[in-house]
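Colleague: Generate coordinates for the entire structure from the input sequences, incorporating the hints supplied.
First residue of the sequence shown: 1, per the working numbering; consecutive thereafter.
In short, the hints are calculated from the structure, not lab data.
Be a bit skeptical, because a hint or two may be false.
[Claimed, not checked] 25 Å max Cα-Cα, derived BS3-like pairs, lysine-lysine:
no., residue 1, residue 2
1, K168, K98
2, K257, K328
3, K253, K199
4, K199, K44
5, K168, K124
6, K44, K54
7, K328, K253
8, K257, K275
9, K100, K47
10, K54, K89
11, K199, K246
12, K100, K124
13, K89, K100
14, K98, K124
15, K275, K328
16, K268, K257
17, K27, K47
18, K199, K34
19, K43, K168
20, K328, K268
21, K47, K89
22, K253, K275
23, K47, K34
24, K89, K27
25, K124, K199
26, K43, K98
27, K246, K257
28, K199, K27
29, K199, K168
30, K43, K27
31, K44, K34
32, K168, K89
33, K54, K43
34, K268, K253
35, K43, K199
[Stated by the list, open to error] DEER-style ranges, computed between Cβ atoms:
no., residue 1, residue 2, range
36, R154, E289, 40 to 50 Å
37, Q250, A95, 37 to 47 Å
38, K168, G104, 24 to 34 Å
39, D212, Q312, 18 to 28 Å
40, D212, K44, 29 to 39 Å
No residue lacks a Cβ here, since even glycine has one placed at the ideal position from N, Cα and C.
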Amino acid sequence: MENMEEQDFSTIVRADLKSSFDDQDNKLRPQLLKDFLGQESIKKNLKTFIEAAKQRQEPLDHLLLIGPPGLGKTTLAQITAHELGVDFKVTSAPALDKPKDLAGILSTITERTVFFIDEIHRLKPAIEEMLYIAMEDFELDWIIGQGAAARTVRIPIPPFTLIGATTKAGSVSSPLRSRFGFIPRFEFYTNEELASIIKRSAAILETLIDEDAALLLAQCCRGTPRVANRVLRRMRDFAQVSGQNKITSQIVKEGLKRLEIDEMGLEKYDREILKSIIENFGGGPVGAETLAISIGESMDTLEDYYEPYLIQCGLLQRTPRGRMVTSKAYEHLGLSAMAPSNNNSQGSLF
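Modeller: Given below as structure tokens:
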């Protein structure tokens, strides 16, 4: 019990962060499309495209998977390769530092390989230019020599399928985006879908969980399977240490309280953001940069991770002058609405 209390759970609902807790994720990842729960529209279309490609013995058209972190983009890419019966190579855009890094991967792939690039919007321009030709013509442009003696050689590569994943669709350049044949957008999961995922994961982990406990847990997981699996493992720890052989709704309630996660899935930093706007800036408006400094987070983390969920919950809104909390936020935090601040100079910067 003491060891558990010493662990830092402050970022347990951060779907964009991968911790040591997520080492078990590979065991929980489904291997077949029929086992992938949720995203029904994407699955239905992808199943058709995979079957057509297999019948023609051709590589699947390139895919661009768009959506917030933790919704299953990497898992779906792995499933696609498994369903096609081909090799799967994976990298991330920041890992591709020079064109030779990309050339080194593409020159060693086998025919119809699924090549997955995570956070593809972060590709460097030189690498992206090389990728254009590889995607369209299945060739690599390579420069031999230097100066006046330099010449370009095109090296053929086996036909392959590129699957890109991004959390920032607007940051993917138009030329790159136009080269993808299927661009599905992932949606947050419903509580019922998350409850099904939790029960499936619990079975794999050989952990018993009550039906009402699974649904209660699902309501606090921000519509994200990665968060659901992470919190499930912590509930398993609480149940085990307390001597229980099953995760019950009571264990879930006590566990969430200890992890400082409330019934809407908000954790400590979410509430600090809302309280900072209310207590320090009179409810807003306040600029993102000012707000990020006030809570000690980077502006990218604030805009990419915290704000989308708070806006989705109706607790925060973006205005031309800055961020403002809603009346629902006051109600959720148990605070009285404050009069609008007369000094908005701090919130006029973006």
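Colleague: It remains to establish, for every hint, whether it holds in the given structure.
Modeller: Hints versus structure:
1. For the suggested pair K168 and K98, the alpha carbons sit about 22 Å apart, so the restraint of at most 25 Å is met.
2. Among the hinted pairs, K257 with K328 is consistent with the structure: their alpha-carbon atoms are about 21 Å apart, no more than 25 Å.
3. Of the pairs offered as hints, the one joining K253 and K199 holds, with about 17 Å between alpha carbons and a cut-off of 25 Å not exceeded.
4. The straight-line distance between the Cα atoms of K199 and K44 is roughly 23 Å, inside the 25 Å bound, and the hint therefore holds.
5. Proposed proximity of K168 and K124 is supported: the alpha carbons are some 15 Å apart, at most 25 Å.
6. Between K44 and K54 the CA atoms are separated by roughly 16 Å; this keeps the pair inside 25 Å, and the hint holds.
7. For a cut-off of 25 Å, the pair hint linking K328 to K253 stands: about 23 Å separates their Cα positions.
8. Distance hint between K257 and K275 is fulfilled; the C-alpha atoms sit about 19 Å from each other, no more than 25 Å.
9. Between K100 and K47, the direct Cα distance comes to roughly 34 Å. Violation of the 25 Å bound is thereby established for this hinted pair.
10. A distance of roughly 19 Å separates the Cα atoms of K54 and K89; the hinted pair therefore holds under the 25 Å criterion.
11. Proposed proximity of K199 and K246 is supported: the alpha carbons are some 12 Å apart, at most 25 Å.
12. A threshold of 25 Å between alpha carbons decides the hint, and for K100 with K124 the separation of about 12 Å falls inside it, so the pair holds.
13. Proximity of K89 to K100 is assessed by CA-CA distance (about 16 Å); at most 25 Å being required, the pair is judged to hold.
14. Pair hint K98 plus K124 holds up; C-alpha atoms about 8 Å apart against a cutoff of 25 Å.
15. For the hint pairing K275 with K328, the CA-to-CA distance comes to about 13 Å; that is within 25 Å, so the pair holds.
16. Proposed proximity of K268 and K257 is supported: the alpha carbons are some 11 Å apart, at most 25 Å.
17. Under the criterion of a C-alpha separation no larger than 25 Å, the hint pairing K27 with K47 is consistent with the structure, at around 23 Å.
18. The hinted pair formed by K199 and K34 meets the criterion: a straight-line CA distance of about 16 Å does not exceed 25 Å.
19. Distance hint between K43 and K168 is fulfilled; the C-alpha atoms sit about 21 Å from each other, no more than 25 Å.
20. For the suggested pair K328 and K268, the alpha carbons sit about 18 Å apart, so the restraint of at most 25 Å is met.
21. At most 25 Å may separate the alpha-carbon atoms for a hinted pair to count; K47 and K89 meet this at roughly 21 Å.
22. Of the pairs offered as hints, the one joining K253 and K275 holds, with about 23 Å between alpha carbons and a cut-off of 25 Å not exceeded.
23. Proximity of K47 to K34 is assessed by CA-CA distance (about 9 Å); at most 25 Å being required, the pair is judged to hold.
24. For the suggested pair K89 and K27, the alpha carbons sit about 18 Å apart, so the restraint of at most 25 Å is met.
25. Distance restraint check for K124 and K199: the Cα-Cα separation of roughly 41 Å exceeds the 25 Å cut-off, and the hinted pair is therefore not satisfied.
26. As the CA atoms of K43 and K98 are separated by approximately 34 Å, the hinted pair breaks the 25 Å bound.
27. Of the supplied pair hints, the one linking K246 and K257 holds, its CA atoms being roughly 18 Å apart against a limit of 25 Å.
28. Restraint check for K199 and K27: the C-alpha separation of about 14 Å stays at or below 25 Å, so the hint holds.
29. For the hint linking K199 to K168, the alpha-carbon distance of about 31 Å lies beyond 25 Å, and the restraint is violated.
30. For the given pair, K43 sits about 21 Å from K27 by alpha-carbon distance, which is consistent with the 25 Å threshold.
31. Restraint check for K44 and K34: satisfied, since their Cα atoms lie roughly 10 Å apart, inside the 25 Å limit.
32. Under the criterion of a C-alpha separation no larger than 25 Å, the hint pairing K168 with K89 is consistent with the structure, at around 22 Å.
33. At roughly 16 Å between alpha-carbon atoms, K54 and K43 fall within 25 Å of each other, so this suggested pair holds.
34. Taking the CA atoms of K268 and K253, the gap is about 16 Å. The hint holds against a cut of 25 Å.
35. Taken as a hint, the K43 and K199 pair is honoured in the structure, with Cα atoms around 20 Å apart against an allowance of 25 Å.
36. The given range of 40 to 50 Å is respected by R154 and E289, whose C-beta atoms sit roughly 46 Å from each other.
37. Between Q250 and A95 the CB atoms are about 45 Å apart, so this pair conforms to the stated range of 37 to 47 Å.
38. Taking 24 to 34 Å as the suggested C-beta distance range, the pair K168 and G104 conforms, at roughly 26 Å.
39. For the hinted restraint 18 to 28 Å between D212 and Q312, the CB-CB distance of approximately 25 Å keeps it satisfied.
40. A beta carbon spacing of about 31 Å between D212 and K44 agrees with the range 29 to 39 Å that was offered as a hint.
In the structure shown, a violation is registered for the earlier hints numbered 9, 25, 26, 29, in ascending order.
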